[in-house]
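**Student:** Sequence:
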Amino acid sequence: MKTIAKKLEGLSLIDTISDTDLEYYLKSGQLKLTKYKKNSIIHFDSEKCLKVEILVSGRVVVNRIDEDGNLLNVTEFIRDDLIGGNLIFSKNPYYPMTVETHTNSELLEIDKNLLFMLLSENVNFLRIFLELISDNAMMLGDKIKHYVSKTIRQSLLSYFDYESKKQNTNIIKLNITKKALAEKIGVSRTSISRELAKMKAEALIDYSKNQIKLLYLDSK
Numbered sequence: 115m116k117t118i119a120k121k122l123e124g125l126s127l128i129d130t131i132s133d134t135d136l137e138y139y140l141k142s143g144q145l146k147l148t149k150y151k152k153n154s155i156i157h158f159d160s161e162k163c164l165k166v167e168i169l170v171s172g173r174v175v176v177n178r179i180d181e182d183g184n185l186l187n188v189t190e191f192i193r194d195d196l197i198g199g200n201l202i203f204s205k206n207p208y209y210p211m212t213v214e215t216h217t218n219s220e221l222l223e224i225d226k227n228l229l230f231m232l233l234s235e236n237v238n239f240l241r242i243f244l245e246l247i248s249d250n251a252m253m254l255g256d257k258i259k260h261y262v263s264k265t266i267r268q269s270l271l272s273y274f275d276y277e278s279k280k281q282n283t284n285i286i287k288l289n290i291t292k293k294a295l296a297e298k299i300g301v302s303r304t305s306i307s308r309e310l311a312k313m314k315a316e317a318l319i320d321y322s323k324n325q326i327k328l329l330y331l332d333s334k
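Using our numbering, the letters of the sequence shown correspond one by one to residues 115 to 334.
Please keep in mind that the hints were generated in silico from the structure rather than gathered at the bench.
Given the structure is predicted, the values throughout are model-derived calculations rather than measurements.
Check each hint, because a few of them may be wrong.
[What the hints assert, rightly or not] If you anchor each label on the Cβ, the simulated ranges turn out as follows:
#, residue 1, residue 2, range
1, Asp-249, Ala-311, 36 to 42 Å
2, Asp-194, Leu-331, 40 to 46 Å
3, Thr-148, Lys-314, 44 to 50 Å
4, Asp-332, Ile-290, 19 to 25 Å
5, Asn-289, Arg-241, 37 to 43 Å
6, Lys-151, Lys-314, 38 to 44 Å
[Claimed, not checked] Below, simulated BS3-like cross-link-like pairs (lysine-lysine); rule was C-alpha separation at most 30 Å, straight line:
#, residue 1, residue 2
7, Lys-141, Lys-116
8, Lys-226, Lys-116
9, Lys-312, Lys-292
10, Lys-120, Lys-146
11, Lys-293, Lys-152
12, Lys-120, Lys-152
13, Lys-312, Lys-323
14, Lys-327, Lys-279
15, Lys-292, Lys-279
16, Lys-121, Lys-152
17, Lys-323, Lys-152
18, Lys-165, Lys-152
19, Lys-314, Lys-292
20, Lys-116, Lys-149
21, Lys-298, Lys-149
Note that the Cβ used here is the ideal one computed from N, Cα and C, for glycine as well.
Let the hints inform the model, and build the full structure from the sequences given.
**Tutor:** Here it is in structure tokens:
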């Protein structure tokens with residue numbers, strides 16, 4: 115128990131719980147530390163949310179399947195982030211997307227009944243819980259807003275302009291794969307390839323495997 119308690123030190127919600135209570139909750143199974151290997155599914159799309167989890171170590175991502183069947187990263191969780199907090203007390207507590215590990219990870223599961231008790235009796239726990247779910251909502255909202263407000267081309271041009279200034283050249287080296295670039299923008303790799311081909315046909319860019327020449331900057 116001491117080893118587990120050590121791992122939980124510094125977690126915002128857990129720090130509001132006394133050592134004695136923490137030990138009791140761990141022994142009773144109301145708090146449970148679960149390990150997952152890399153690329154493991156934690157929750158499936160449409161799975162019912164029965165507990166909340168705090169990410170103790172590793173990285174966890176929320177993915178969705180696009181219309182072409184490609185897996186796209188929507189958001190990512192790191193240590194101390196809360197998973198399921200916005201769903202657990204919903205009238206429709208079902209995960210809208212797949213949640214899986216990006217690396218080997220450990221999550222602390224909090225039983226729903228214990229969660230409700232802590233929210234009712236521990237003011238500091240309640241305050242931090244509300245902060246965490248509010249931050250998650252804002253983060254997801256900003257990401258969706260970014261995807262909706264920009265076309266694929268606009269997103270690519272923003273990325274190219276940034277790299278051009280960073281590398282101080284109109285011929286930029288691609289330091290990430292098309293798949294990683296697609297995940298960064300929030301679209302499929304197929305969509306990225308299609309848009310790059312269009313931009314090349316319109317003489318806006320020229321590209322090889324590892325670099326892109328920004329012809330539209332040459333004309334400025």
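**Student:** Hint by hint, note whether the structure agrees.
**Tutor:** Consistency of the hints with the structure:
| no. | hint | in the structure |
| --- | --- | --- |
| 1 | Asp-249 - Ala-311: 36 to 42 Å | holds, 39 Å |
| 2 | Asp-194 - Leu-331: 40 to 46 Å | holds, 41 Å |
| 3 | Thr-148 - Lys-314: 44 to 50 Å | holds, 48 Å |
| 4 | Asp-332 - Ile-290: 19 to 25 Å | holds, 24 Å |
| 5 | Asn-289 - Arg-241: 37 to 43 Å | holds, 41 Å |
| 6 | Lys-151 - Lys-314: 38 to 44 Å | holds, 41 Å |
| 7 | Lys-141 - Lys-116 | holds, 11 Å |
| 8 | Lys-226 - Lys-116 | holds, 24 Å |
| 9 | Lys-312 - Lys-292 | holds, 15 Å |
| 10 | Lys-120 - Lys-146 | holds, 14 Å |
| 11 | Lys-293 - Lys-152 | holds, 18 Å |
| 12 | Lys-120 - Lys-152 | holds, 23 Å |
| 13 | Lys-312 - Lys-323 | holds, 16 Å |
| 14 | Lys-327 - Lys-279 | holds, 13 Å |
| 15 | Lys-292 - Lys-279 | holds, 20 Å |
| 16 | Lys-121 - Lys-152 | holds, 19 Å |
| 17 | Lys-323 - Lys-152 | holds, 29 Å |
| 18 | Lys-165 - Lys-152 | holds, 21 Å |
| 19 | Lys-314 - Lys-292 | holds, 16 Å |
| 20 | Lys-116 - Lys-149 | holds, 17 Å |
| 21 | Lys-298 - Lys-149 | holds, 27 Å |
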